[in-house]
Amino acid sequence: MSSLQFDIAHLLAGSLVLASFMMLYQDRLYALLNVYALHAGVLALSVAWQAYVQHAPHLYVTALIALVFKAIIIPVALHRIIRRLGIHREIENVIGVGLTMMAGIGLVALSMVVMLRVTPGADALAREDLAFSLSVVLLGLLIMVTRRNAVSQVVGFMSLENGLVLAATGAKGMPLVVEISVAFSVLIAFIVIGIFLFRIRERFDSVDVQALDRFRGERR
Amino acid sequence: MTIDTLGAILLIPVISAALLAILPGYLLTAKLNVVAALATFLTSLSLFVVEPTSGQYLLLDDLNKVFIVLTTFVGFTTSVFSASYIHHEIEIGRLTPAFLRFYHAMYQMLMFAMNLALVANNIGLMWVAVEMATLTTVLMVGIYRTHEALEAAWKYFILGSVGIALALFGTILVYMAARPAVGEGLDGMVWTVLVKHAAQFDPALLNVAFVFLLLGYGTKVGLAPLHAWLPDAHAEGPTPISAVLSGLLLNVALYALLRFKMMLAVNTEAIAPGPLMVTMGLISVIFASLMLYRRRDIKRMFAYSSIEHMGIIVFAFGMGGPLANFAGLLHMTMHSLTKSAIFFAVGHIAQVKGTQKIADIGGLTVTNPVLGWGLMLGVIAIVGLPPLGIFMSEFLVVSSTFARAPWLTVILVLGIIIALGGLFLRVGAVMFGEPKGKTAPAEASYVPMFTHLGLVLMAGIYLPPGLVTGFQNVAKLLG
Chain A
0 MSSLQFDIAH
10 LLAGSLVLAS
20 FMMLYQDRLY
30 ALLNVYALHA
40 GVLALSVAWQ
50 AYVQHAPHLY
60 VTALIALVFK
70 AIIIPVALHR
80 IIRRLGIHRE
90 IENVIGVGLT
100 MMAGIGLVAL
110 SMVVMLRVTP
120 GADALAREDL
130 AFSLSVVLLG
140 LLIMVTRRNA
150 VSQVVGFMSL
160 ENGLVLAATG
170 AKGMPLVVEI
180 SVAFSVLIAF
190 IVIGIFLFRI
200 RERFDSVDVQ
210 ALDRFRGERR
Chain B
0 MTIDTLGAIL
10 LIPVISAALL
20 AILPGYLLTA
30 KLNVVAALAT
40 FLTSLSLFVV
50 EPTSGQYLLL
60 DDLNKVFIVL
70 TTFVGFTTSV
80 FSASYIHHEI
90 EIGRLTPAFL
100 RFYHAMYQML
110 MFAMNLALVA
120 NNIGLMWVAV
130 EMATLTTVLM
140 VGIYRTHEAL
150 EAAWKYFILG
160 SVGIALALFG
170 TILVYMAARP
180 AVGEGLDGMV
190 WTVLVKHAAQ
200 FDPALLNVAF
210 VFLLLGYGTK
220 VGLAPLHAWL
230 PDAHAEGPTP
240 ISAVLSGLLL
250 NVALYALLRF
260 KMMLAVNTEA
270 IAPGPLMVTM
280 GLISVIFASL
290 MLYRRRDIKR
300 MFAYSSIEHM
310 GIIVFAFGMG
320 GPLANFAGLL
330 HMTMHSLTKS
340 AIFFAVGHIA
350 QVKGTQKIAD
360 IGGLTVTNPV
370 LGWGLMLGVI
380 AIVGLPPLGI
390 FMSEFLVVSS
400 TFARAPWLTV
410 ILVLGIIIAL
420 GGLFLRVGAV
430 MFGEPKGKTA
440 PAEASYVPMF
450 THLGLVLMAG
460 IYLPPGLVTG
470 FQNVAKLLG
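Sequences listed follow chains A and B, in order.
Sequential numbering of the first sequence, starting at 0, is according to numbering that gives the first Met the number 0.
Sequential numbering of the second sequence, starting at 0, is according to numbering that gives the first Met the number 0.
These are computed hints drawn from the structure, not numbers from a lab.
Some hints could be false.
[Said to hold, decoys possible] Simulated crosslink set (DMTMM-like; lysine to aspartate or glutamate; CA at most 25 Å straight-line):
1) Lys195/B <-> Asp61/B
2) Lys475/B <-> Asp60/B
3) Lys171/A <-> Asp186/B
4) Lys195/B <-> Asp122/A
5) Lys171/A <-> Glu50/B
6) Lys195/B <-> Glu50/B
7) Lys437/B <-> Glu90/B
8) Lys475/B <-> Glu183/B
9) Lys475/B <-> Glu50/B
With the hints as constraints, model all of the structure from the sequences given.
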């Protein structure tokens, strides 16, 4: 593999981590969705590049799914849901932006240390990809933890899934079965969420998870 | 014969799910649900007679045979219970016929997903199946659409998805570790191939992979720091689903974990998965038993009891060795049977009394003697009193541990005793005490409950030699 190919793959995977960071501090739902669309777009580019580098044409399908489904259809649909529910106000971050960013940096450092140390045998591209994708997964978890709103938790979850797709495509020659299943499960997950959002809308006129929290634990 | 029997176990639920989604009339569909579950169970029994050989996607060995038969059996008895349960739910208008159609289709989809997870020989396919089982149960937990049910389903969905995502990352890492030894492509995910070559895998990568798998599938097992979804999901969904969740789905996630444990055991340089599992198991036991004391909701209480028992089972498998594995396997079987029987009783009790609050239920042995004593028998079994089956399996777990790690035994026994106290304290008031709540006689089907309890009683007194040798073979397989 030429060093240019490696550099581009590196750049794209790194951009995905950067996009995850951008999602961390978005405090408006629309902005969050836009960054998520960017996130999915970068993922599509990265997967397409992997397909080219690995001479694995089936990965183009995964890239296409990421582009069409994740970068376009889901953000548009969520935009509509948000408008319908009338919740385009600010998101509350549970802890401050500064603290969240620090935690994010810590998580990225952690995943670098863990993944680079355990994969000296693997080829350089797969190594870097794994390290980056673990960062994206952990940042996705962080987004989910720091948000209270159901929609933004879902967005956090989807960014986490993007990290998984990055890992799956980085693992050279991983059977197609799994890639399709990943995309497919995202689709199912989204349908589930859609149903839930509508049900929540029917019942409470709110998708703030905090409104649900009143019922947490034992009913007294 | 490969596809025939294993394929049938998968095909029957899928076809019936499609049928149940279309057919109207809940009396008919409830019966069809029972018939489909029975057919699946009978097909799974035929695995003992005709043994299909494993292919690249499906696998059958002694380990999953036990799981499949247990799953399809409890799936069948639960469908019988479900038929009488939903009859009442329709009458009081908690469920509408349209929702019921959805419920039955989802029930069969869940059966399909669990069977698929059990027979999958491909770790990717297994992951997909566990994810599908999660999604179907999420939908069923939320089916009542009350505040509490929605919150429980949402929480379950989010935590379950995170768990499942971590498990996928672990699966990808396993593939990465296998690639240099096995080569690219499909073989890198076939479990039988992986086990054969696991000795040559990179140990460091396997270690990290196992940590992810343990956290991921461990969430689905309901191990202590990751259990937050479990009590809510059990308490707010329809009771047949609580029975299936506790009795079966937790086992399926555990099965996935065991498969990876077997793979790690082959690689001598990788960390031993045992101590990690022992630790998480013990934490679950102690934590869940303490939580039993403050429960006010009867279904939630038994959900915590499930966490405790999954802790014991994971502990036993973590200890490893033929005896502890045997004990773990027996305990898992006994727990599935007992806990689902308890949920059958609790489901009818909650319907009769119109509430799940422990404070509002009282004097059951007077008002509804059959249900009351049935539940009492179940509780006696679940806390591990002789002569029932759980006493025997817990005794085996404790005695096999005592020879190797006496200190761990002390902690484990302490947890079991705390749980016994908590359960008796709460259940005593429900059973005896002043009769409270409505006293209408229950329109219940007692057959599933007493079948399970009868089996548990029988296992406590006499284990058939065929079963013992079968379990011993599996225990040997688990290493």
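Verification of the hints:
{"no.": "1", "hint": "Lys195/B <-> Asp61/B", "verdict": "holds (17 Å)"}
{"no.": "2", "hint": "Lys475/B <-> Asp60/B", "verdict": "holds (12 Å)"}
{"no.": "3", "hint": "Lys171/A <-> Asp186/B", "verdict": "holds (13 Å)"}
{"no.": "4", "hint": "Lys195/B <-> Asp122/A", "verdict": "holds (24 Å)"}
{"no.": "5", "hint": "Lys171/A <-> Glu50/B", "verdict": "violated (36 Å)"}
{"no.": "6", "hint": "Lys195/B <-> Glu50/B", "verdict": "holds (21 Å)"}
{"no.": "7", "hint": "Lys437/B <-> Glu90/B", "verdict": "holds (17 Å)"}
{"no.": "8", "hint": "Lys475/B <-> Glu183/B", "verdict": "violated (31 Å)"}
{"no.": "9", "hint": "Lys475/B <-> Glu50/B", "verdict": "holds (19 Å)"}
Violation of the numbered hints given earlier is confined to hints 5, 8; the remaining hints are satisfied by the structure.
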